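Given only the sequences and the hints, what does the whole structure look like? Please build it.
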Amino acid sequence: SQTIHQWPATLVQPVGSPLSLECTVEGTSNPNLYWYRQAAGRGLQLLFYSVGIGQISSEVPQNLSASRPQDRQFILSSKKLLLSDSGFYLCASADILGYTFGSGTRLTVV
Amino acid sequence: DAKTTQPNSMESNEEEPVHLPCNHSTISGTDYIHWYRQLPSQGPEYVIHGLTSNVNNRMASLAIAEDRKSSTLILHRATLRDAAVYYCILSRNTDKLIFGTGTRLQVFP
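In order, the protein sequence lines correspond to chains C and B.
In our numbering, each number is its position in the first sequence, counted from 1, plus 1202.
In our numbering, each number is its position in the second sequence, counted from 1, plus 10.
One or more of the hints may lead you astray.
No farther apart than 20 Å at their CA atoms in a straight line, the calculated lysine to aspartate or glutamate pairs in the EDC-like style are these [what the hints assert, rightly or not]:
1. B:K106 x B:E76
2. B:K13 x B:D92
3. B:K106 x B:D41
4. B:K106 x B:E21
5. C:K1281 x C:E1224
6. C:K1282 x C:E1224
7. B:K13 x B:D105
8. B:K13 x C:E1224
9. B:K79 x C:D1273
10. B:K106 x B:E55
11. B:K106 x C:D1297
12. B:K106 x C:E1261
None of these hints come from the bench; they were simulated from the model.
Here the structure is a predicted model, which means the values were calculated and not measured.
See below:
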């Protein structure tokens, strides 16, 4: 079964600083990978998804970008964080057996 | 993506069965019905999914209407650990999951 490693669990960053969140997947090959964000008290919003190395689709216009340098590695980045980037970020992986979510990173931009 | 409609919240007492409804009147023939739940400060957890027939697993049962325009997630005996937000989602296989607002289930001792 798939296992997702996401770190760090919590992060506090100042406005204008860069961001890099990494997600790695074990137990599967060539999965579809996803980044979601959940604002406080809200539902999950799909930000990016990837069907393969170097292939990224963006779901909503935003201050963030994503990259997939390896089959089981998905990175979420920002050059300059905004206050509105605060939230709970979740990485997910999907293969023919289904979806698995990581434990998430809670980002607070101050 | 086909949409689903769920009640915002439901309540149950411990040890009682819980029936969580979901309407999906615009479902297409290839859409699977997925249920996930999210405990506070955690990522969503898979509960169950189905296409046409009712499904059972160790966590829950999924009852799918004959016309597939609605479904019900059944927790046979609610526990305090079942308190979570439950999401009903339509998706085709490894297609992206689009989450709605879900149903917040409260379980009282």
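Right, here's what the structure says about each hint:
| no. | hint | verdict |
| --- | --- | --- |
| 1 | B:K106 x B:E76 | violated, 25 Å |
| 2 | B:K13 x B:D92 | violated, 25 Å |
| 3 | B:K106 x B:D41 | holds, 12 Å |
| 4 | B:K106 x B:E21 | violated, 30 Å |
| 5 | C:K1281 x C:E1224 | holds, 15 Å |
| 6 | C:K1282 x C:E1224 | holds, 17 Å |
| 7 | B:K13 x B:D105 | holds, 14 Å |
| 8 | B:K13 x C:E1224 | violated, 31 Å |
| 9 | B:K79 x C:D1273 | violated, 37 Å |
| 10 | B:K106 x B:E55 | holds, 15 Å |
| 11 | B:K106 x C:D1297 | holds, 11 Å |
| 12 | B:K106 x C:E1261 | holds, 10 Å |
When held up to the earlier numbered hints, the structure conflicts with 1, 2, 4, 8 and 9 and fits the remainder.
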